[in-house]
Amino acid sequence: MDSKNKIFRTMSYSKSFFWMSIVFNILTIPLAYFIGVMGTDSATNDAEMWQGFLFGFLFIQAIPILLLITSIVVLILRKRINGKRSKKSL
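In my numbering, the protein residues as written are 1307 to 1396.
Because the hints were derived from the structure by calculation, they are not lab data.
Treat the hints with caution; some may be incorrect.
With beta-carbon atoms standing in for the labels, derived distance ranges [said to hold, decoys possible]: (1) K1390 to F1330: 37 to 47 Å; (2) G1389 to Q1357: 36 to 46 Å; (3) G1389 to F1361: 32 to 42 Å; (4) I1382 to D1347: 38 to 48 Å; (5) E1354 to S1322: 20 to 30 Å; (6) Y1319 to L1364: 24 to 34 Å; (7) W1325 to I1387: 12 to 22 Å; (8) Q1357 to S1318: 34 to 44 Å; (9) W1325 to R1386: 15 to 25 Å; (10) I1332 to I1387: 41 to 51 Å; (11) V1379 to V1329: 13 to 23 Å; (12) K1390 to S1318: 43 to 53 Å; (13) M1355 to Y1319: 40 to 50 Å.
Using N, Cα and C, we set each Cβ at its ideal position, and we do this for glycine too.
Given these sequences and hints, build the entire structure.
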């Protein structure tokens, strides 16, 4: 009985980490968009406006995107590990 509780507890931690990273990513998108737009506001940056926007956007979104990728990897690995454990106990 303890092993099942431990499996569900670790899954809930990985799911909560996933949802927190989603919320953090959603909350930083407007700020990243604003910084990206301000990066293209320069008068000398006419030909490569999309590069300025992309640099500004990814400068702000780098940490939230890395958190999201990490949480997805953790969630997938936990599901695979817990699936193997439950098959062994049967």
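Hints, one by one, checked against the model:
1. Distance hint check for K1390 and F1330: the Cβ-Cβ separation is about 30 Å, which falls outside the suggested range of 37 to 47 Å.
2. Between G1389 and Q1357 the beta carbon distance is about 43 Å. The supplied range of 36 to 46 Å therefore holds.
3. Taking the beta carbon of each, G1389 and F1361 are about 41 Å apart, inside 32 to 42 Å as hinted.
4. At about 40 Å, the beta-carbon gap between I1382 and D1347 stays in the expected band of 38 to 48 Å.
5. Checking the proposed 20 to 30 Å range against E1354 and S1322 shows it is violated: the Cβ atoms sit about 41 Å from each other.
6. Taken as a hint, the range 24 to 34 Å holds for the pair Y1319 and L1364, whose Cβ atoms sit roughly 29 Å apart.
7. The hint said 12 to 22 Å for the Cβ distance between W1325 and I1387, and at roughly 20 Å that hint holds.
8. Between Q1357 and S1318 the C-beta distance comes to about 42 Å, which sits within the given range of 34 to 44 Å.
9. Between W1325 and R1386 the beta carbons are some 20 Å apart, a value that agrees with the proposed interval 15 to 25 Å.
10. Distance hint check for I1332 and I1387: the Cβ-Cβ separation is about 28 Å, which falls outside the suggested range of 41 to 51 Å.
11. Judged by the Cβ atoms, the range 13 to 23 Å given for V1379 and V1329 holds: they are separated by roughly 18 Å.
12. The beta-carbon spacing between K1390 and S1318, approximately 19 Å, falls outside the hinted interval of 43 to 53 Å.
13. Evaluation of the 40 to 50 Å hint for M1355 and Y1319 yields a pass: the beta carbon distance comes to about 42 Å.
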